[in-house]
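> If you want the building blocks of each chain, they are given just below.
There are 2 protein chains.
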Amino acid sequence: VAIIGASNSPFNLGRSICDALVASDYSGAVYAVNRKAEPVGKAAGFVTVSDIPAEIDLAVIIVPALHVGKAVRQCGEKGIKNLIIESAGFSEAGDEGRGLQNELSKTAKQYGIRYIGPNCLGVMNAHHRFCCFYGGAPGAFDWVYAKPGTVSYIIQSGGVSSLIVDSFKHDVANINKIISIGNKADLDESDVLDYLAHDNTEVIGIYLENVSRGRKLIESAKRSPKPILVYKVGKTPEGAQAALSHTSGMANNDVIFDAACKQAGIVRLASIGQLHSLPKIFTHMPLLKGRRIAVFSNSGAFGGISADLLLTSGLGLAKLSSSTQEKLRGAGKLYNAVNPVDLGPSVSLKTFLDIYDILLSSDDVDGLLAIPSVWKQVVIDSIIELVKLCKHYDKPAAIYIPNAVSRILEIRTTHSLPVFESIEDAVRALVVSHQYYAYTLKKDKRVLIDAANARGE
Amino acid sequence: VAIIGASNSPFNLGRSICDALVASDYSGAVYAVNRKAEPVGKAAGFVTVSDIPAEIDLAVIIVPALHVGKAVRQCGEKGIKNLIIESAGFSEAGDEGRGLQNELSKTAKQYGIRYIGPNCLGVMNAHHRFCCFYGGAPGAFDWVYAKPGTVSYIIQSGGVSSLIVDSFKHDVANINKIISIGNKADLDESDVLDYLAHDNTEVIGIYLENVSRGRKLIESAKRSPKPILVYKVGKTPEGAQAALSHTSGMANNDVIFDAACKQAGIVRLASIGQLHSLPKIFTHMPLLKGRRIAVFSNSGAFGGISADLLLTSGLGLAKLSSSTQEKLRGAGKLYNAVNPVDLGPSVSLKTFLDIYDILLSSDDVDGLLAIPSVWKQVVIDSIIELVKLCKHYDKPAAIYIPNAVSRILEIRTTHSLPVFESIEDAVRALVVSHQYYAYTLKKDKRVLIDAANARGE
Numbered sequence: 020v021a022i023i024g025a026s027n028s029p030f031n032l033g034r035s036i037c038d039a040l041v042a043s044d045y046s047g048a049v050y051a052v053n054r055k056a057e058p059v060g061k062a063a064g065f066v067t068v069s070d071i072p073a074e075i076d077l078a079v080i081i082v083p084a085l086h087v088g089k090a091v092r093q094c095g096e097k098g099i100k101n102l103i104i105e106s107a108g109f110s111e112a113g114d115e116g117r118g119l120q121n122e123l124s125k126t127a128k129q130y131g132i133r134y135i136g137p138n139c140l141g142v143m144n145a146h147h148r149f150c151c152f153y154g155g156a157p158g159a160f161d162w163v164y165a166k167p168g169t170v171s172y173i174i175q176s177g178g179v180s181s182l183i184v185d186s187f188k189h190d191v192a193n194i195n196k197i198i199s200i201g202n203k204a205d206l207d208e209s210d211v212l213d214y215l216a217h218d219n220t221e222v223i224g225i226y227l228e229n230v231s232r233g234r235k236l237i238e239s240a241k242r243s244p245k246p247i248l249v250y251k252v253g254k255t256p257e258g259a260q261a262a263l264s265h266t267s268g269m270a271n272n273d274v275i276f277d278a279a280c281k282q283a284g285i286v287r288l289a290s291i292g293q294l295h296s297l298p299k300i301f302t303h304m305p306l307l308k309g310r311r312i313a314v315f316s317n318s319g320a321f322g323g324i325s326a327d328l329l330l331t332s333g334l335g336l337a338k339l340s341s342s343t344q345e346k347l348r349g350a351g352k353l354y355n356a357v358n359p360v361d362l363g364p365s366v367s368l369k370t371f372l373d374i375y376d377i378l379l380s381s382d383d384v385d386g387l388l389a390i391p392s393v394w395k396q397v398v399i400d401s402i403i404e405l406v407k408l409c410k411h412y413d414k415p416a417a418i419y420i421p422n423a424v425s426r427i428l429e430i431r432t433t434h435s436l437p438v439f440e441s442i443e444d445a446v447r448a449l450v451v452s453h454q455y456y457a458y459t460l461k462k463d464k465r466v467l468i469d470a471a472n473a474r475g476e
Numbered sequence: 020v021a022i023i024g025a026s027n028s029p030f031n032l033g034r035s036i037c038d039a040l041v042a043s044d045y046s047g048a049v050y051a052v053n054r055k056a057e058p059v060g061k062a063a064g065f066v067t068v069s070d071i072p073a074e075i076d077l078a079v080i081i082v083p084a085l086h087v088g089k090a091v092r093q094c095g096e097k098g099i100k101n102l103i104i105e106s107a108g109f110s111e112a113g114d115e116g117r118g119l120q121n122e123l124s125k126t127a128k129q130y131g132i133r134y135i136g137p138n139c140l141g142v143m144n145a146h147h148r149f150c151c152f153y154g155g156a157p158g159a160f161d162w163v164y165a166k167p168g169t170v171s172y173i174i175q176s177g178g179v180s181s182l183i184v185d186s187f188k189h190d191v192a193n194i195n196k197i198i199s200i201g202n203k204a205d206l207d208e209s210d211v212l213d214y215l216a217h218d219n220t221e222v223i224g225i226y227l228e229n230v231s232r233g234r235k236l237i238e239s240a241k242r243s244p245k246p247i248l249v250y251k252v253g254k255t256p257e258g259a260q261a262a263l264s265h266t267s268g269m270a271n272n273d274v275i276f277d278a279a280c281k282q283a284g285i286v287r288l289a290s291i292g293q294l295h296s297l298p299k300i301f302t303h304m305p306l307l308k309g310r311r312i313a314v315f316s317n318s319g320a321f322g323g324i325s326a327d328l329l330l331t332s333g334l335g336l337a338k339l340s341s342s343t344q345e346k347l348r349g350a351g352k353l354y355n356a357v358n359p360v361d362l363g364p365s366v367s368l369k370t371f372l373d374i375y376d377i378l379l380s381s382d383d384v385d386g387l388l389a390i391p392s393v394w395k396q397v398v399i400d401s402i403i404e405l406v407k408l409c410k411h412y413d414k415p416a417a418i419y420i421p422n423a424v425s426r427i428l429e430i431r432t433t434h435s436l437p438v439f440e441s442i443e444d445a446v447r448a449l450v451v452s453h454q455y456y457a458y459t460l461k462k463d464k465r466v467l468i469d470a471a472n473a474r475g476e
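Taken in sequence, the protein lines are chains W and A.
Under my numbering, read the first sequence as residues 20 to 476, first letter to last.
Under my numbering, read the second sequence as residues 20 to 476, first letter to last.
It is possible that some hints are incorrect.
Any copy, or any two copies together, can satisfy a pair, since identical chains are not distinguished.
Unchecked claim - Here are the computed lysine-lysine pairs in the DSSO-like style, where the Cα-Cα straight-line distance is at most 30 Å:
hint: 1; residue 1: 245; residue 2: 166
hint: 2; residue 1: 245; residue 2: 410
hint: 3; residue 1: 245; residue 2: 308
hint: 4; residue 1: 166; residue 2: 395
hint: 5; residue 1: 128; residue 2: 89
Quick caveat, the hints were computed from the structure, so don't treat them as lab data.
Just chain W, same shape as in the assembly (with noise of 0.2 Å):
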């Protein structure tokens, strides 16, 4: 890899990133490209990439704009085809910057260069420990590093992609890729999808401000056979005007898109704290199949917010059998066996993990929201058995603790369990996993019916 624009210069950003690289222990060479040729810590120095004697796998640019085209050209003569440019100052900050984005277009095109940017923050891979953001401590992501996972990430704004980090210093730590597209002059989001679709991703979140080529996304959303969750700016025409001057692009009509993500089922957030919070559900949990969810909680309250959230949100509450019913006053005291089921404050590590047999392997049932109580090491066990059995169902639980704030962060940071931090994002990750089981069903349809007609039938 070469850093092209690192040096020893007060506040250069190059030189983060070239730091961060040897401080994770990244396996491959760094190379840091200045004027002076000075190494950069252990990076040896070139004036230009020409004079690195090997070959270059991928060049980041952090130079300013004015100088970014003959970087480009240089990297083309010495046969580099991937580019990734963070360097700000194109489309986003008015006609010139567009002149200068039109200009390294042209060049990287008279190359065969392919690259992500400009005006973006750079790329994580945390199962290579390699990550070129700029401005990142030495270190700071080891805790990322140190249980690399399956979610990626496509990100427009380099500040956005800084908050998905650090949110999941508090949620189950699992992070794969972080590619943060920028201006995307060249790669886009559905180029990345396309990537992400046969790779060791399981889930795809994508913060959009603008969406420049719609018909494409569709195409490669559509083509991937995994879950992608979308936040997009731009709901009103005040947020998309906003967006427009942050990174650049055409302002979409919100209710276009809309249809767009139903049509190729991609899920779209109502919040962009749920980019971070909604993923677990599809990474540690079978999908949802129907609309009938059994509610477990330690508190009467919780029954009934619960029941409420459920049924406005399209779901709704599994009638449980008589003998269902008859099997759960059986399995402990309880002080509610019609749905939603309430044990009272008692904990037991038994009548725990009896009740959710009992409720997971009812043929009335679809789905779990449990709601226990976190006074007792027994709940952590729980919880820990919980996720086996809805493996086993093949069905989902969405799980929330209420009373603990800190020890849900540490529930799901120390053991990975998938707990979510309020009641209604437990809820809204059921919605999102019926949601997309919606849609692969009939997508699957879809195919067999293709696949029927081909064959005349």
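On the provided structure of chain W, position chain A as indicated by the hints.
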């Protein structure tokens, strides 16, 4: 205070109350009442309240439901007029329990006793270091007592009371009183509202599962000179039904409740979490007197997101005059001086404060949505000054800091700064502030009109 039912048996809940009161240095005398007349910790023990050689201001009853009636009678004979009945097993538990509740109600009337409960958690008064919640560990609320505040809660469910207290650990610590009202056989939310109207409370949060005396609640709310925030279970018939089996009462028509809230100026909350997140916009900030919001951020992404959220929530983006924009450009090197104002990643205390001052002093602006980054101490310093500026200009700011959940929690509790955990919460806070302001305006007008009519004008 007499704790009736406190003994040294294993799992005795009365003992937890005695122990907690002693541990918290509560200034009054605490007596334990149990069959063996045994002392419980530092509380002297007696067989009945009549044996206690002192006047009793308040008795807390926590004995099995069957024995509550007798305990109430003994309190009546002793001349105790104020009871908190925490025992469960009354109208929430079926016909037999309903009978017991009617009986104790008659006994209480006979002796002129007023009581809270049955089936409640108890009450807390942070200023008096008094708490008779059962089951709490000694010292569990020391952090609440260390910074007693001005937000009081009326809570129908015990579990939700604990949740509120726990949530506040990570919020601006500002609890005044918590009153768990349970089955509200005698005193209900209206009575407590009337009481809180004249104490050191600034904002009232209410969690309700049912309303038994609707007109009384509306009248109390109308009389209250303080903002009232309510979360009520039972938006759907299923939710109302589930709540029924928890604390007793009749299900209510949600549409009617909604209309009643509007009439009485009660702010209805969309999620239970808002009970602890939203009061700070009232305790720390002036009311929002118009809909024109200026957005300030270090990240263009959040400018767009803010615009979307403001517009869809009924507020609007302030149109900054060209002279205001001119002043803003003079304050620093801005990415964008048109609202949403984007400073980019630069952070300087002077620039922050100059921008806040320019925006808040502008006649085009009614309130501020401030989204600074939190990389440096300077951001904390700027928020401390921003709170003062808001008081000076009599306009509120809702503050959200992307990219540092853990730091938000720290800033809130360590510095008592009103910083929201999500941008959605920040916008919602501005909405409810304006909603309450609009109500007070109507109320004042109506009072003026009524007065004028009375004078025959």
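> Between copies, within a copy, both or neither: which fits residue 245 and residue 166 at Cα up to 30 Å?
within (21 Å within a copy, 49 Å between copies)
> At most 30 Å between C-alpha atoms: does residue 128 with residue 89 qualify within a copy, between copies, both, or neither?
within (14 Å within a copy, 91 Å between copies)
> At most 30 Å between CA atoms: does that hold for residue 245 and residue 410 within a copy, between copies, both, or neither?
within (18 Å within a copy, 51 Å between copies)
> When no copy is named, should residue 245 and residue 308 be tagged within, between, both, or neither for a Cα gap of at most 30 Å?
within (16 Å within a copy, 47 Å between copies)
> How would you classify residue 166 and residue 395 at a CA-CA limit of 30 Å: within, between, both, or neither?
both (26 Å within a copy, 28 Å between copies)
Of the numbered hints stated above, none is contradicted by the structure.
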